[in-house]
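Enquirer: Residue-level listing of the chains:
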Amino acid sequence: MSTPEPEPRVGVVTFPGSNDDRDAALALERLGAQAIPVWHADRQLPDVRAVVLPGGFSYGDYLRAGALARFAPVMESVRALAADGGLVLGICNGFQVLCEAGLLPGALRPNQSLSFVCRDVALTVERADTPFTGRCTMGQRLSIPVKHGEGCFFADPDLIAELERSGQIVLRYEGESPNGSVAGIAGVVNADGNVMGLMPHPEHAVDALTGSTDGALLLGSLVDATRRVEAAVPAAV
Amino acid sequence: MRATVLVRPKPGILDPQGEAVLGSLQQLGFAVDDARVGRVVDLELDEGDREQTRAELERMCEQLLANPLIESYEIELVEDA
Chain F
1 MSTPEPEPRV GVVTFPGSND DRDAALALER LGAQAIPVWH ADRQLPDVRA VVLPGGFSYG
61 DYLRAGALAR FAPVMESVRA LAADGGLVLG ICNGFQVLCE AGLLPGALRP NQSLSFVCRD
121 VALTVERADT PFTGRCTMGQ RLSIPVKHGE GCFFADPDLI AELERSGQIV LRYEGESPNG
181 SVAGIAGVVN ADGNVMGLMP HPEHAVDALT GSTDGALLLG SLVDATRRVE AAVPAAV
Chain V
238 MRATVLVRPK PGILDPQGEA VLGSLQQLGF AVDDARVGRV VDLELDEGDR EQTRAELERM
298 CEQLLANPLI ESYEIELVED A
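The listed protein sequences correspond, in order, to chains F and V. Quick note on numbering: this note's numbering labels position 43 of the first sequence as 43, and the sequence is numbered without any gaps. Position in the second sequence (first residue = 1) + 237 = this note's numbering.
For the record, the hints were derived by calculation from the structure and aren't laboratory data. Treat each hint with caution, since some may be false.
Claimed, not checked - Computed footprint of chain F on chain V; a stretch qualifies when at least three of its residues, placed anywhere within it, have a C-beta under 8 Å from a C-beta of chain F: (1) 247-255; (2) 263-275.
To be verified - Calculated from the model, a selection of chain V residues having no Cβ within reach of chain F, i.e. all distances over 12 Å: (3) Val244; (4) Glu281; (5) Leu282.
Glycine residues also receive a C-beta, built at the ideal position from the N, C-alpha and C atoms.
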């Protein structure tokens, strides 16, 4: 008799104004993970080795998108998890929070068009060897929706060159970017490769009923990688 | 003590708000060549040492009020009469 494989545990943070936390949790559960809700005011993370910062409008996007969520009590633990080799994925507003927190390079500015964009976009996978893209292949084309008003990735030319050189650009918009991002950047990882942010919403692309299922490739990769990270560092009981 | 912090998009940074404002001003017939839109933060502060307060304001800007990667800031400190 074989024991069933344990479900990897992924924390999903809810900030005041998050609105994709439930979708992220649902998508992760469908992909075989156990999604653990995490409240922004909790100082301590539950016993997880992976965390998703979901989309939404944390703290009303006041001041700058992500600027206030960065100071939420839970963020110290998220920072510690990242420093300890845990996995952190920021989607849309979560990406903005990670940039503001300095856990990812660059910044996200209002879209060049000044319009909120909400549509499927074509992406190219530039790195298939990260914990977030393991189920993808290099150069693979993905169709995943975006929905944001401030998704224009900015970094100065030196930083862009550095990101290109170190292979930190994981996803790029195919063709014209929907928001004016420098170098068509849709998703980046940190230098250690264990923190990623992206503007498109993989959690909205996991069911053929609503269109593409390409988002499952990204979140499924995270579930696989979480399983590996948990095996490497046995969870505290 | 009161302080006014001016936060601006750095030169060279795309400012779509500024461009939209520029376009509208030109449409209204005003001779304007460029427009950049920033942010004003007015602060009421406890009375204290001026230099210390200024240093504190610098830290506020670096840590929260501006994103140094994309924004510059200017601090005006006004002592109450």
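Enquirer: Now look at each hint and say whether the structure bears it out.
Expert: Here is how each hint holds up against the structure:
1. Under a criterion of three residues with beta carbons nearer than 8 Å to beta carbons of chain F, the stated coverage of the stretch 247-255 of chain V is upheld, 4 such residues being counted.
2. Under a criterion of three residues with beta carbons nearer than 8 Å to beta carbons of chain F, the stated coverage of the stretch 263-275 of chain V fails, only 0 such residues being counted.
3. Listed as outside the interface, valine 244/V is inconsistent with that label: its C-beta sits roughly 9 Å from the nearest C-beta of chain F, within the 12 Å cut-off.
4. Here glutamate 281/V stays apart from chain F, with its beta-carbon at least about 18 Å from theirs, past the 12 Å limit.
5. No beta-carbon of chain F is positioned within 12 Å of the beta-carbon of leucine 282/V; the least distance is around 18 Å.
In this structure, the earlier hints numbered 2, 3 are contradicted, and the remaining ones agree with it.
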